[in-house]
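2 protein chains.
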Amino acid sequence: MNVISSFDLEPWSQQRLAEIEACLEKWIPAHAPANLNEPMRYAVLGGGKRLRSLLVMGAFEAGIHKQACEELEWRREAALRAATAIELIHAYSLVHDDMPCMDNDVLRRGKPTVHVQFGEALALLTGDTLQALAFEVLTPEHSLITPYLQAALCGLIARAAGHRGMAGGQAVDLTSVGHDLNEMQLSQMHKLKTGALLEASVLAGALCAGVKDSDLDHLKVFGSALGLAFQVIDDILDVTADSSVLGKTAGKDAHADKPTYVSLMGIEGAKHKADVLIMNANQALLSSDLSTTDALVAIALRVVNRTY
Amino acid sequence: MNVISSFDLEPWSQQRLAEIEACLEKWIPAHAPANLNEPMRYAVLGGGKRLRSLLVMGAFEAGIHKQACEELEWRREAALRAATAIELIHAYSLVHDDMPCMDNDVLRRGKPTVHVQFGEALALLTGDTLQALAFEVLTPEHSLITPYLQAALCGLIARAAGHRGMAGGQAVDLTSVGHDLNEMQLSQMHKLKTGALLEASVLAGALCAGVKDSDLDHLKVFGSALGLAFQVIDDILDVTADSSVLGKTAGKDAHADKPTYVSLMGIEGAKHKADVLIMNANQALLSSDLSTTDALVAIALRVVNRTY
Chain A
1 MNVISSFDLE PWSQQRLAEI EACLEKWIPA HAPANLNEPM RYAVLGGGKR
51 LRSLLVMGAF EAGIHKQACE ELEWRREAAL RAATAIELIH AYSLVHDDMP
101 CMDNDVLRRG KPTVHVQFGE ALALLTGDTL QALAFEVLTP EHSLITPYLQ
151 AALCGLIARA AGHRGMAGGQ AVDLTSVGHD LNEMQLSQMH KLKTGALLEA
201 SVLAGALCAG VKDSDLDHLK VFGSALGLAF QVIDDILDVT ADSSVLGKTA
251 GKDAHADKPT YVSLMGIEGA KHKADVLIMN ANQALLSSDL STTDALVAIA
301 LRVVNRTY
Chain B
1001 MNVISSFDLE PWSQQRLAEI EACLEKWIPA HAPANLNEPM RYAVLGGGKR
1051 LRSLLVMGAF EAGIHKQACE ELEWRREAAL RAATAIELIH AYSLVHDDMP
1101 CMDNDVLRRG KPTVHVQFGE ALALLTGDTL QALAFEVLTP EHSLITPYLQ
1151 AALCGLIARA AGHRGMAGGQ AVDLTSVGHD LNEMQLSQMH KLKTGALLEA
1201 SVLAGALCAG VKDSDLDHLK VFGSALGLAF QVIDDILDVT ADSSVLGKTA
1251 GKDAHADKPT YVSLMGIEGA KHKADVLIMN ANQALLSSDL STTDALVAIA
1301 LRVVNRTY
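Those protein sequences? They're chains A and B, same order as listed. Going by the working numbering, the residue at position 187 of the first sequence is 187; the numbering climbs one at a time, nothing skipped. Going by the working numbering, the residue at position 293 of the second sequence is 1293; the numbering climbs one at a time, nothing skipped.
Keep in mind that the hints were calculated from the coordinates and are not lab data. Cβ atoms here follow ideal geometry from the backbone N, Cα and C, with glycine treated the same way. Treat each hint with caution, since some may be false.
Claimed, not checked - Mimicking EDC-like on lysine to aspartate or glutamate, the simulated pairs with C-alpha atoms at most 20 angstroms apart in a straight line are:
id	chain 1	residue 1	chain 2	residue 2
1	B	LYS1212	B	ASP1289
2	B	LYS1271	B	ASP1234
3	A	LYS26	A	GLU77
4	A	LYS111	A	GLU38
5	A	LYS191	A	ASP217
6	B	LYS1212	A	GLU141
7	B	LYS1220	A	GLU141
8	A	LYS212	B	GLU1141
9	A	LYS212	A	ASP289
10	A	LYS49	A	ASP8
11	A	LYS220	B	GLU1141
12	B	LYS1220	B	ASP1294
Stated by the list, open to error - Footprint (simulated), chain B over chain A, 3 or more residues, beta carbon under 8 angstroms:
id	region
13	157-164
14	168-175
What the hints assert, rightly or not - Residues of chain B clear of chain A, computed beta-carbon distances all greater than 12 angstroms:
id	residue
15	GLU1019
16	LEU1072
17	ASP1257
18	LEU1301
Please take these sequences and the hints and turn them into a complete structure.
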């Protein structure tokens, strides 16, 4: 794609990532009963591309009007809390997904998985606690963040994580092993498993910014297309990259006889599919009244061009 | 204890239980991707004492002022949603707690546990999904329930479920096997593991009723003492009752070399402890300005006198 933009994603994302890491550091407890804080922090801190957080902040900045100073402050804190909560949900899903009864994986973000490091029982509890923590982070007491926004974020993220989202997609994934899926079935699975939380990231940022409903609709299209593109590229990397670059076990989907975009349409077909999806995603932004979508466009392009 | 009351708990609780079961039936999806609804419904419906729901409704009715008709309606719906959410959290914790890497139990509520019936991977996902569903139920869109109440309930229940509550207590429980705990350490563990969610049940009902802060404080004391009494009785029943009456495996704590109130103070000492706790619980209600606490008092008495 030939999108000409003077926007430089690197410094933008470095700055946001530093802020997000500081929030994760602050809102994941340093002390918890029976040292449960240790596997919690191990599972979340010090790794990960933080794509979901960047989408929250990108959508927030695309939607925010920089007038009232005090309002800007609590709205930005809400976005950081939403970004943190979504990273916690994502991290919990990885901890549980890696467990022996699921994918039985030993490597994640270049480190031993949580159950390898801390045992299965603590891995189970760690995931459970991270999910609860997400909703704790979204509902600060004595905060300027409006109850309306707190409740809306809880609802959005719970729905994206639950049976109509990520967990539902995991269940489809479990039952799809060894079955032929057509493209529609495969995309339906990924819309739930990965797409729902990526889409929720974009919508969460937009809710924090207080964007109008029509722009929420455009951002929903953007998030949905981007989410699917992300998964298509994941399927390609599972075949083409090696474990040391990915930071997780490569080739495991093919090995597990899971249906993928590559098994369905080949590497070139899948690459083309991802390009079309990202074009659709960026088209949705152009159709919106949002002005500063540079960061979102750049994140979308990075998603198709990533190598890990 | 000699508390004379004309209040009959049986018809009161039968009526509330019918309502709560109807809500669980309605808010647990009948359809979900890959039939995830089946283990979700299996884990929650058709069993359980529903103590937590009854506490929510008892506290709600103790606190509600029966004036404005429309307000009463959404406040009561909020209480039913809170009761449902807390049952979902409780059910998820049982599903995960029964898994092979935790207690490895095969019997729950007189039925095979979820992982025995549906496999470990689905049991893991079922628990995860039930936790998310709790927060979905608490945040209905287009509802008269105020965002303030929705956010407050999400925060209360997330904190009770997380590292400073149930999951934290589970972690302490895991690490306490084979260790001698003194009474303070044992009560600290149970305050987290069981007490936090029981206390949150009482507080959730009171929040839905809109009770004043001083009464919330009294209800917190009530819930905390009741929660501990519940666990003391659980420890006694683990020794004295048999599996067919309990609907779960009896004697497993003693067998697992877990510290219990019975191992610490004997059956008689534990029974006395429970009586004192319930007396304290009911004293807290007497200190409050709540008028109709008959149901809460009766529930507390049933907790110490239960045989399963």
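Hints versus structure:
no.	hint	result
1	B:LYS1212 to B:ASP1289	holds (9 angstroms)
2	B:LYS1271 to B:ASP1234	holds (11 angstroms)
3	A:LYS26 to A:GLU77	holds (13 angstroms)
4	A:LYS111 to A:GLU38	holds (15 angstroms)
5	A:LYS191 to A:ASP217	holds (16 angstroms)
6	B:LYS1212 to A:GLU141	holds (17 angstroms)
7	B:LYS1220 to A:GLU141	holds (17 angstroms)
8	A:LYS212 to B:GLU1141	holds (17 angstroms)
9	A:LYS212 to A:ASP289	holds (9 angstroms)
10	A:LYS49 to A:ASP8	holds (17 angstroms)
11	A:LYS220 to B:GLU1141	holds (17 angstroms)
12	B:LYS1220 to B:ASP1294	holds (17 angstroms)
13	157-164	holds (count 7)
14	168-175	holds (count 7)
15	GLU1019	holds (23 angstroms)
16	LEU1072	holds (21 angstroms)
17	ASP1257	holds (16 angstroms)
18	LEU1301	holds (31 angstroms)
Every hint, counting from the list given before, is met by this structure.
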